[in-house]
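Peer 1: Quick note on our numbering: the sequence shown kicks off at 1 and runs consecutively.
Among these hints, one or two may not hold up.
Pairs of lysine to aspartate or glutamate, EDC-like flavour, derived with a Cα cap of 16 Å [claimed, not checked]:
1) K362 / D47
2) K299 / E26
3) K24 / E359
4) K206 / D191
5) K133 / D169
6) K479 / D365
7) K24 / D292
8) K321 / D394
9) K413 / D353
10) K326 / E265
11) K185 / E243
12) K298 / E26
13) K185 / D441
14) K298 / E288
15) K255 / E265
16) K413 / D429
17) K362 / D351
18) K479 / D292
19) K428 / D441
Calculated from the structure, these hints are not laboratory results.
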Amino acid sequence: MKKLVLPVLLILLGTVLVGCPSPKPENWSCPELSTPTATAKISSNPDKPEKIIIQIDGTPSMKGFVSDRNSRYIRTLRLLRSATNTAFPVTPSPTFYVFGTQRLKEPINHQSAETTWFYSGGRPELRDAATHKIIAPQKTDPPNSLYVIVTDLYQEKAQWEDLVAQLKDHYLLKDGYAVGIVAVKSEFLGDIYDVGLDNIRYPSVKTNHPFYILVLGRYSQVKQYFDKIKSESQNTGLNFHSENFVIFSTQIFEKPALLQINDNEQPTPSSSSPTSDNPQKSGIRRVEVINDGRIVIKKVENPQNVERLIIPSQTSNDSPKETSLKYRLNYNPLPYTLPLGNSASYQLNGDSDFNNNTEEFKKLDSQSSLIPLQLTNWQSTNSQLEFNALINLDNNPQGIGVYRLIFDVFPEKISGSSRPYQAPSWWKDWSFGENEIFAGDRTYNLQPFLYNLGDTTFRIIENKPNVALGRLCFIIHKK
Numbered sequence: 001m002k003k004l005v006l007p008v009l010l011i012l013l014g015t016v017l018v019g020c021p022s023p024k025p026e027n028w029s030c031p032e033l034s035t036p037t038a039t040a041k042i043s044s045n046p047d048k049p050e051k052i053i054i055q056i057d058g059t060p061s062m063k064g065f066v067s068d069r070n071s072r073y074i075r076t077l078r079l080l081r082s083a084t085n086t087a088f089p090v091t092p093s094p095t096f097y098v099f100g101t102q103r104l105k106e107p108i109n110h111q112s113a114e115t116t117w118f119y120s121g122g123r124p125e126l127r128d129a130a131t132h133k134i135i136a137p138q139k140t141d142p143p144n145s146l147y148v149i150v151t152d153l154y155q156e157k158a159q160w161e162d163l164v165a166q167l168k169d170h171y172l173l174k175d176g177y178a179v180g181i182v183a184v185k186s187e188f189l190g191d192i193y194d195v196g197l198d199n200i201r202y203p204s205v206k207t208n209h210p211f212y213i214l215v216l217g218r219y220s221q222v223k224q225y226f227d228k229i230k231s232e233s234q235n236t237g238l239n240f241h242s243e244n245f246v247i248f249s250t251q252i253f254e255k256p257a258l259l260q261i262n263d264n265e266q267p268t269p270s271s272s273s274p275t276s277d278n279p280q281k282s283g284i285r286r287v288e289v290i291n292d293g294r295i296v297i298k299k300v301e302n303p304q305n306v307e308r309l310i311i312p313s314q315t316s317n318d319s320p321k322e323t324s325l326k327y328r329l330n331y332n333p334l335p336y337t338l339p340l341g342n343s344a345s346y347q348l349n350g351d352s353d354f355n356n357n358t359e360e361f362k363k364l365d366s367q368s369s370l371i372p373l374q375l376t377n378w379q380s381t382n383s384q385l386e387f388n389a390l391i392n393l394d395n396n397p398q399g400i401g402v403y404r405l406i407f408d409v410f411p412e413k414i415s416g417s418s419r420p421y422q423a424p425s426w427w428k429d430w431s432f433g434e435n436e437i438f439a440g441d442r443t444y445n446l447q448p449f450l451y452n453l454g455d456t457t458f459r460i461i462e463n464k465p466n467v468a469l470g471r472l473c474f475i476i477h478k479k
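Model the full assembly from the supplied sequences, consistent with the hints where possible.
Peer 2: Laid out in structure tokens, this is it:
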């Protein structure tokens, strides 16, 4: 009988091993979010413009800027010329033109724009400004030209709309192109024209009056020119403020942002979490290996970008039904572009899946009630987006298993007066409207124009396919 013991034990052991199969091994890689081609070009060394064309508003409303021979306006004109030579040393010196309702064909001597007769309106086409008519590149200009426009931006409302439409068609809709604006104030003594619906003229105004430098071309060239203008303004005592430089670009980041996970630390509860005093109270843990008995995920590519959590279901009636974890997403905004507002949107990527306590993963519908977390409370500061992951702790048996979740993050869509970007303070401070008292140190209807341009830029971003600000990847074992 003793001789039968060993064979029987072996048979029993084999039966146990067959009845408890090993979990199926799985590897996972959070799908890479490709950088748009235009962004890749933006981030590389900028190509040099074939030609730099500086167009100066020669209408009478600009005359007051040159009443002082040492005005900031005159000094800025000189700076623009020197900055082009240092920003693009291989490119020929800039060519200057004057414009009113159109750009005159003959180039001008740049020093003539420092004199009062230049703005006398002696020619019919120089008695009023129509900036929108000079936005389109002219056929005689080289295709890779950088355009600089100096103007006080006095336009009727209809021309604001026309100006934005021209900037959109010729720059914002072209991949890699942008519209830059620098806001400057200068000593001014003269008449201010075309204010309000009645085109009121205010004579002999002495003030610090705004004018604007528009820079149109490839983003990389606009950015490089801005860098030189800003640095040389410090060297020459003009000291242009950083926030007065804005680039409207439909590419607003260098590369998509990803989570940064430290496996040696446990996730941080948000201040709104009912378990904020103890992140392990609900049993949520950050782990390196996910194993639900059906599948095991040991290897994850770029694990520092993937959050891996175990979430136990709460069975006690006294246990919270949800909890909230805090995350921070670092993104790389392109210099001078508008910062994001305190909001963002996200969507579940179609590659997300769920094993439902089996050995096979199946695609997860973005509207599924089983998805164990939501992203909430977005806050933007500098180049960081903070948000909470609101985690469902229910004990629904249909939700047990392993989730591989991919969330793509986008700027919030424009809705009414809610905007996905933050506007610099000077947009409002330098603007006055139809029902406001005239202020010589402000520009009529400036804020509506800039908001129109900003909204137009972000609506183009909304309609671009697959251009996400960031990608968030989670592997969650819901027990």
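Peer 1: Work down the list of hints and note, for each, if the structure agrees.
Peer 2: To see whether the hints hold, each was checked on the structure:
1. K362 / D47: violated (47 Å)
2. K299 / E26: The given pair, whose Cα atoms are some 8 Å apart, holds under the 16 Å limit.
3. K24 / E359: Distance ~6 Å between K24 and E359 Cα, so the pair holds.
4. K206 / D191: holds (9 Å)
5. K133 / D169: With a Cα-Cα distance of about 13 Å, the restraint between K133 and D169 holds, given a limit of 16 Å.
6. K479 / D365: violated (20 Å)
7. K24 / D292: Status holds; Cα separation ~10 Å.
8. K321 / D394: holds (6 Å)
9. K413 / D353: Violated, because 27 Å separates the two Cα atoms, which is more than 16 Å.
10. K326 / E265: holds (13 Å)
11. K185 / E243: holds (14 Å)
12. K298 / E26: holds (7 Å)
13. K185 / D441: Measuring from Cα to Cα gives roughly 8 Å; hence the hint holds.
14. K298 / E288: holds (7 Å)
15. K255 / E265: violated (26 Å)
16. K413 / D429: violated (26 Å)
17. K362 / D351: holds (9 Å)
18. K479 / D292: Holds, at roughly 8 Å.
19. K428 / D441: holds (12 Å)
Against the hints set out earlier in the document, violations occur for numbers 1, 6, 9, 15, 16.
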